[in-house]
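S.K.: From first to last, the protein sequence lines are chains A and B. Throughout the first sequence, residue numbering follows this note's numbering, covering 2 to 339 in sequence. Throughout the second sequence, residue numbering follows this note's numbering, covering 275 to 498 in sequence.
Derived from the structure by calculation, the hints contain no laboratory data. Keep in mind that the hints are not guaranteed to be accurate.
Just some of the chain B residues that point at chain A, by a computed CB distance under 10 Å [as the list claims (entries may be wrong)]:
1. Leu353
2. Ala396
3. Gly400
Below are the SDA-like pairs computed for lysine to any residue, each with C-alpha atoms no more than 25 Å apart in a straight line [unchecked claim]:
4. Lys335(A) <-> Gln479(B)
5. Lys335(A) <-> Asp425(B)
6. Lys335(A) <-> Gln368(B)
7. Lys335(A) <-> Pro449(B)
8. Lys495(B) <-> His342(B)
9. Lys335(A) <-> Ala480(B)
10. Lys41(A) <-> Pro134(A)
11. Lys474(B) <-> Ile338(A)
12. Lys284(A) <-> Ile214(A)
13. Lys283(A) <-> Gly450(B)
14. Lys41(A) <-> Ile278(A)
15. Lys495(B) <-> Ser354(B)
16. Lys495(B) <-> Phe461(B)
17. Lys399(B) <-> Gly124(A)
18. Lys335(A) <-> Cys340(B)
19. Lys335(A) <-> Lys399(B)
20. Lys399(B) <-> Pro449(B)
21. Lys199(A) <-> Arg282(A)
22. Lys199(A) <-> Lys335(A)
23. Lys495(B) <-> Lys284(A)
A virtual CB, placed ideally from N, CA and C, is assigned to each residue, including glycine.
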Amino acid sequence: MLQQSVWGWEPALYIFLGGLGAGTFITATILRLLHKDSNKLVICVSYWASVICIVFGLILLVTDLVEPLRGLVMPAAFSHWTSVMTYGAWALLVSTIDFGLCALLTAIEIVNPPWKFLQSKHGETLEQRFDKPLRILGWIGLPFAIFVGFYTGLLLFGAPGIPFWHTIVLPFLFLISAVDTGVALVELISVILTKKDKLIEQSHRLLQKFTFINIIIELCLIALFLCVVGIDVSTPEGMAGHASTMLLVGGDYAPFFWTIVIGIGLALPFIMNLVAIGIGRKKAAGELAPEKADSRTNAFTFIGALGVELGGCALRFLVVYAGMHPDIVMEAFKALIR
Amino acid sequence: MATNSEPLVSRRELLAGAAAVGLTVVGSTIIFGDTSAMAEESESAPKDVEHTQYAFAMNVDRCVGCEHCVRACRYYNELSDITPDRRHVIHADQNYVMVRHVSYACMHCVEPSCLMVCPAGAISKGAAGIVDFDPDRCIGCKYCYEACPFDIPRYDNVSMDKCNVCLRANPPIAPGDMPYCVQACMFGALHWGPLDEIMKEAGDQAHRLEAVTEPAGVLIKLSE
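Kindly produce the complete structure, drawing on both the sequences and the hints.
M.R.: What follows is the structure, encoded as structure tokens:
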């Protein structure tokens with residue numbers, strides 16, 4: 002088995018940031034569509050965060066190329082439509098534009114600059130004028146964001162040379178993880194901005210529900226992923242997948258996998274979420290003063306969300322670094338001579 | 275001028291002339307007969323290199339691990355110092371008794387995954403089934419490395435690099451002709467030829483490598 006060494010921290014971080022940006026956009030857009038008159042600052046900052054994540058991820062992708070300048074000429078560099086990377090690159094470009102417009106419009110809405118061209122002749126507010134464009138941009142951006150989240154795993158799945166990555170479970174796992182990290186980033190933003198724009202109760206509960214559902218699905222998908230790639234040892238490809246799995250769950254990467262991905266990334270947020278819900282119930286029952294309840298909820302939510310980010314990032318890094326090529330020639334050679 | 279009493283042609287001259295005609299007829303038969311044989315030979319050789327899948331046959335009994343093939347490849351393809359080897363020689367012990375060797379490079383797969391995943395379309399499959407790359411289109415994303423089941427693509431400061439059967443060597447080798455690694459092998463451990471012919475001629479000594487990409491690489495081992 003030959004551990005892949007060509008894709009390092011840049012692609013791993015790019016895959017994480019792409020998913021994080023997509024997940025943040027999805028969460029912010031759902032919040033806006035459902036509770037549009039509330040959480041404006043949180044939604045605006047979340048949109049900006051999604052754009053920054055995507056753009057930074059793209060910068061990492063380009064700097065990792067042997068020929069970065071050639072890579073920037075997209076019509077030539079990403080013109081071969083049998084490659085998953087081509088679809089991803091163009092989807093990221095469209096997403097950057099869409100997410101960027103959402104960020105810009107929501108920022109203008111909040112800042113409300115006294116520019117003449119923004120003044121309406123019919124007395125409409127900026128919110129009223131931007132509502133439809135923002136909804137349209139949101140609905141256009143949602144499928145692209147879902148594709149980008151899925152694409153981060155599809156990119157690895159599309160490489161049959163690394164059996165550990167070559168399972169359709171991986172894109173679904175990375176999509177769920179992308180949504181999980183996106184929800185967590187919006188929660189982090191909401192805690193940081195709580196004094197300026199406190200998240201309304203409905204949004205708070207929605208994000209807590211998302212977190213629960215995401216964690217359970219992600220745990221199931223991680224288990225399924227490891228089973229699918231790790232069980233078969235009858236072929237060189239199966240042996241490579243098995244070796245990668247063992248590296249993750251019982252080898253050199255095991256401490257990081259169990260502590261960061263499972264412990265800090267999934268178990269901790271789950272527990273923090275439960276505690277936050279418990280505090281919310283006590284507040285509703287009058288057993289806890291509202292300010293104290295909110296302060297504690299924010300603290301637990303913040304810790305849990307941070308854990309999700311660390312776990313999501315570690316998951317990408319470990320999956321990329323654990324990838325191994327099967328040694329088909331050596332295995333066939335040994336089988337012949339022995 | 276012959277008189278009535280002397281023949282026009284002497285018996286000696288007649289015999290000499292007959293011998294000359296006879297030699298001419300026999301010689302012509304031999305020459306034309308040979309040409310006919312050559313025509314038959316060329317009919318059995320592949321006429322259409324363009325659409326024939328060629329393969330490397332690697333004889334594990336003959337390879338001594340000298341790596342002349344590796345050096346010939348580097349020399350004739352004028353690889354720079356920072357460009358990794360295109361050909362690799364691996365070693366394994368046979369039941370702890372002796373060490374065996376085999377030389378391999380790109381398998382020029384029938385369904386190359388590197389070609390599928392290249393976003394820039396820098397990899398192509400052409401005559402003789404050779405999988406070639408265009409260093410002027412390659413952006414160096416390294417996706418082909420991850421896609422290749424045989425860990426073949428390598429990178430220098432210009433682009434991806436791998437075996438292309440000496441298409442751009444100095445001097446270049448035409449598709450279907452013997453690349454420099456095969457020419458350099460003093461032990462007959464490497465062969466480049468039509469895949470079907472290799473499999474047919476080697477019979478049960480031929481062991482084609484298996485992967486989802488249908489590699490055109492055959493290990494040859496004498497049956498025990």
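S.K.: None of the hints should be skipped; say for each whether it holds.
M.R.: Against the structure, the hints come out as follows:
Proximity of leucine 353(B) to chain A is violated relative to the hint, the smallest CB-CB distance being about 16 Å (cut-off 10 Å). With a least beta-carbon distance of about 8 Å to chain A, the hint placing alanine 396(B) at the interface is held under the 10 Å criterion. Interface hint status for glycine 400(B): violated, as the beta-carbon distance to the closest one in chain A is roughly 16 Å, over 10 Å. Distance check on the hinted pair: lysine 335(A) and glutamine 479(B) sit about 15 Å apart at the alpha-carbon level, within 25 Å; holds.
Note on lysine 335(A) and aspartate 425(B): the hinted pairing holds, with a Cα-Cα distance of about 18 Å set against a maximum of 25 Å. Restraint check for lysine 335(A) and glutamine 368(B): satisfied, since their Cα atoms lie roughly 8 Å apart, inside the 25 Å limit. At most 25 Å may separate the alpha-carbon atoms for a hinted pair to count; lysine 335(A) and proline 449(B) exceed this at roughly 31 Å. Restraint check for lysine 495(B) and histidine 342(B): the C-alpha separation of about 21 Å stays at or below 25 Å, so the hint holds.
Distance hint between lysine 335(A) and alanine 480(B) is fulfilled; the C-alpha atoms sit about 15 Å from each other, no more than 25 Å. Of the supplied pair hints, the one linking lysine 41(A) and proline 134(A) holds, its CA atoms being roughly 15 Å apart against a limit of 25 Å. Note on lysine 474(B) and isoleucine 338(A): the hinted pairing holds, with a Cα-Cα distance of about 21 Å set against a maximum of 25 Å. Between lysine 284(A) and isoleucine 214(A), the direct Cα distance comes to roughly 24 Å. Compliance with the 25 Å bound is thereby established for this hinted pair.
With a CA separation close to 80 Å, the supplied pair lysine 283(A) and glycine 450(B) exceeds the 25 Å bound. Between lysine 41(A) and isoleucine 278(A) the CA atoms are separated by roughly 24 Å; this keeps the pair inside 25 Å, and the hint holds. About 34 Å separates the Cα atoms of lysine 495(B) and serine 354(B), which puts this hinted pair outside 25 Å; it is violated. Annotation: proposed proximity of lysine 495(B) to phenylalanine 461(B) holds, straight-line Cα distance about 14 Å (limit 25 Å).
Proximity of lysine 399(B) to glycine 124(A) is assessed by CA-CA distance (about 64 Å); at most 25 Å being required, the pair is judged violated. Between lysine 335(A) and cysteine 340(B), the direct Cα distance comes to roughly 19 Å. Compliance with the 25 Å bound is thereby established for this hinted pair. In summary, the hint linking lysine 335(A) to lysine 399(B) is not supported, as the alpha carbons are separated by about 30 Å, beyond the 25 Å threshold. Taken as a hint, the lysine 399(B) and proline 449(B) pair is honoured in the structure, with Cα atoms around 12 Å apart against an allowance of 25 Å.
Distance restraint check for lysine 199(A) and arginine 282(A): the Cα-Cα separation of roughly 18 Å lies within the 25 Å cut-off, and the hinted pair is therefore satisfied. Between lysine 199(A) and lysine 335(A) the alpha-carbon distance is near 65 Å, which puts this suggested pair outside the 25 Å criterion. Between lysine 495(B) and lysine 284(A) the CA atoms are separated by roughly 78 Å; this puts the pair beyond 25 Å, and the hint is violated.
The structure is inconsistent with the numbered hints 1, 3, 7, 13, 15, 17, 19, 22 and 23, although it conforms to all the rest.
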